[in-house]
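Use the sequences and the hints to build the structure in full.
Residues per chain are reported as follows:
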Amino acid sequence: MKEIKEKETATPVMSIDDISISYGDDKYAVKDVSAKILSNSITAIMGPSGCGKTTLLRAINRMHELYPNIHTDGKILLNGDNIYEMSTINLRRKIGMVFQRPNPFPTLSIFDNVIAGYKLNGIRLKKSEREEIVETSLKDVALWDEVKDNLHSKGNFLSGGQQQRLCIARTIAFKPKVILLDEPTSALDPISTSKIEDLLVKLKKDYTIIMVTHNMSQAARISDKSMFMYLGELVEYDNTQKMFTTPSDPRTEAYLTGKFG
Amino acid sequence: MNRTIDIEKEDSSLSHIKYQKAKDGLFKIAVILFSFITISMVFLIIGTLLVKGYRQINWAFFTQVAPDTFTAMMAKVSGQVIPGGIANGILGSLYLVGIASVLSIPIGILIGVYLSENSQKKYASLIRDIADILQGVPSIVIGLIAYIWIVVPITKSYSVLAGGVALAIMMLPLIVRSTEESLKMVPDTLKEAAIALGTPYYKVIWRVLIPSAFSGLVSGILLSVSRVLGETAPLMLATLGNPNINWNITKPGSAVPLLIWQFYNDPNMVDLIWSSTIFLMGFVLLLNLISKWIEAKRKK
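Protein chains in written order, with the working numbering: chain B, 215 to 475; chain A, 16 to 315.
The reader is advised that the hints may include incorrect statements.
30 angstroms max Cα-Cα, derived DSSO-like pairs, lysine-lysine [stated by the list, open to error]:
1) B:K362 <-> A:K312
2) B:K389 <-> A:K218
3) B:K333 <-> A:K199
4) A:K218 <-> B:K353
5) B:K368 <-> A:K218
6) A:K67 <-> A:K91
7) A:K312 <-> B:K333
8) A:K218 <-> B:K308
9) A:K218 <-> B:K340
10) A:K218 <-> B:K333
11) B:K368 <-> A:K307
12) B:K241 <-> A:K136
13) A:K137 <-> B:K241
14) B:K391 <-> A:K218
15) A:K218 <-> B:K341
16) B:K368 <-> A:K91
17) A:K218 <-> B:K289
18) B:K362 <-> A:K218
19) B:K368 <-> A:K137
Hints listed in this document are in silico derivations from the structure and should not be mistaken for laboratory results.
See below:
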């Protein structure tokens, strides 16, 4: 926590400015959300189902544009550049994403899954570069020892937790600046969940992490900052410790004490 | 309601239970009997073909062209096996199916991709309905169309091309629908994974969706090939038949079902029907089994 306080004085890596996202006719999923995301921290987005937290997360790498009839106002700056003026291809290389359910490519080997980002984008690498990226990425997610003898077989024998770590390896292989995670442990057992949580805490040394979570205790355990969203609005955004001990908004308190959600 | 009445009855009389059990037994026997009849049909057909046709199956049967009626008659009179084979038919059928595949597979897969990617759009459901209608068009009508479109204006003679186009029209809706179905079975999460890596849309389709659905695509193509392999009517109107092996796309060609029809109409060559049919059935059966095997492997 101390470390984070020091970093607050530094310029934030990302700034979300008045983002509003509507579906069809004035049905707002996200309303006027502004927040500054600090680098090398874990930011948790919490809130009850349908509060817009996943839409907000997806707006950060523009994955929400895949939904039909979407309209976005406001801007998100990544190191000062508006992401809505970048090409989605470049943007998504800078901001990686991990999904709710592990989704490694079933047709590719474990090795190829890690460098899938390079392969799918037609970026050619030397054999030695490929091997290095695969090894460091898998070591970063603590999967190397478990799969190093089966790198060239398909990953379908892996457990759910291992598959999710493979997906994280695939994301960090591209050296993004920011990693978005959408309830990354909701489909996993408690042991795999704690492994992923440990991993995220380690990864924040090199990356800025933003995660949506349904699990309040998870947010309390690993995040530095927390957002609480309700009905599309950002109700409260503060240091996690402060929010969990002395929330300033009565709605946050009601949610955290289990009165709804 | 019914259940309570049944329980009451069972309680009231033992003989009633016995009667129910007898009915159960009878029903079971009937089910086994009828399924046996259905299965035995298949074996009877294959058995009949084998018994009638095995004498004609030899090396020459696969390597030589069909004999003329006089040679066949001489062999028949002297009690020998009819010389010659159906090489012109086998190669002709493969040639026709090859042309049909080249024409229909790329178009069919592209349309299938379009339908699965835009399944909600009005235009997509229109295409889907048209594909279903096309699948229901009688094959002889398609033969006529090939005659009018290809034989008369383009090749100016019955031709392999016209037959290939006719078969392609028949394969197209089958491939479109099977492609769409197999692509729909690819989970959306894979597509999202690829998009989140910054992959351009065409590469998402080409490198992720199609490889993930590949076995489904292949089994769909094999099934559609096996469906058109036995088609006779459109080929009669478009390709006519040819006693020799022909590789000229603008000239009449042969095909196994065309030969069977020709043998059927010639009393001297009628014995060749059975062996030709064994070949055709065996080939279609093989394609079906391969496609079933691929499908089973994919589901695992």
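**Message:** Next pair to validate is A:K312 with B:K333; report whether the Cα-Cα distance is within 30 angstroms.
**Reply:** Holds, at about 26 angstroms.
**Message:** Just to be careful, I want the Cα atoms of A:K137 and B:K241 compared with a cutoff of 30 angstroms; is the pair within it?
**Reply:** The given pair, whose Cα atoms are some 24 angstroms apart, holds under the 30 angstroms limit.
**Item:** B:K368 paired with A:K137 [C-alpha distance capped at 30 angstroms]
**Value:** violated, 39 angstroms
**Request:** Take the C-alpha atoms of A:K218 and B:K333, compute the straight-line distance between them, and say whether it is at most 30 angstroms.
**Result:** holds, 10 angstroms
**Item:** Distance restraint between B:K362 and A:K312, which requires alpha-carbon spacing of 30 angstroms or less
**Value:** Measuring from Cα to Cα gives roughly 27 angstroms; hence the hint holds.
**Prompt:** Holds or violated: are the alpha carbons of B:K368 and A:K218 at most 30 angstroms from each other?
**Reply:** holds, 21 angstroms
**Hinted pair B:K368 and A:K91, Cα distance within 30 angstroms** = violated, 60 angstroms
**Asked** Does A:K218 pair with B:K340 here, judged by a C-alpha cut-off of 30 angstroms?
**Response** holds, 21 angstroms
**Item:** 30 angstroms Cα cutoff - pair B:K333, A:K199
**Value:** holds, 24 angstroms
**Request:** Starting from B:K362, check that the Cα of A:K218 is at most 30 angstroms away, please.
**Result:** Holds - the C-alpha atoms of A:K218 and B:K362 are around 29 angstroms apart, at most 30 angstroms.
**Agreement of A:K218 and B:K353 with the hint, judged by alpha carbon distance not exceeding 30 angstroms** = Given pair A:K218, B:K353 holds - Cα atoms ~29 angstroms apart, limit 30 angstroms.
**Asked** Do the alpha carbons of A:K67 and A:K91 lie within 30 angstroms of each other, as the hint requires?
**Response** OK: A:K67 and A:K91 at ~15 angstroms, within 30 angstroms.
The structure is inconsistent with the numbered hints 16 and 19, although it conforms to all the rest.
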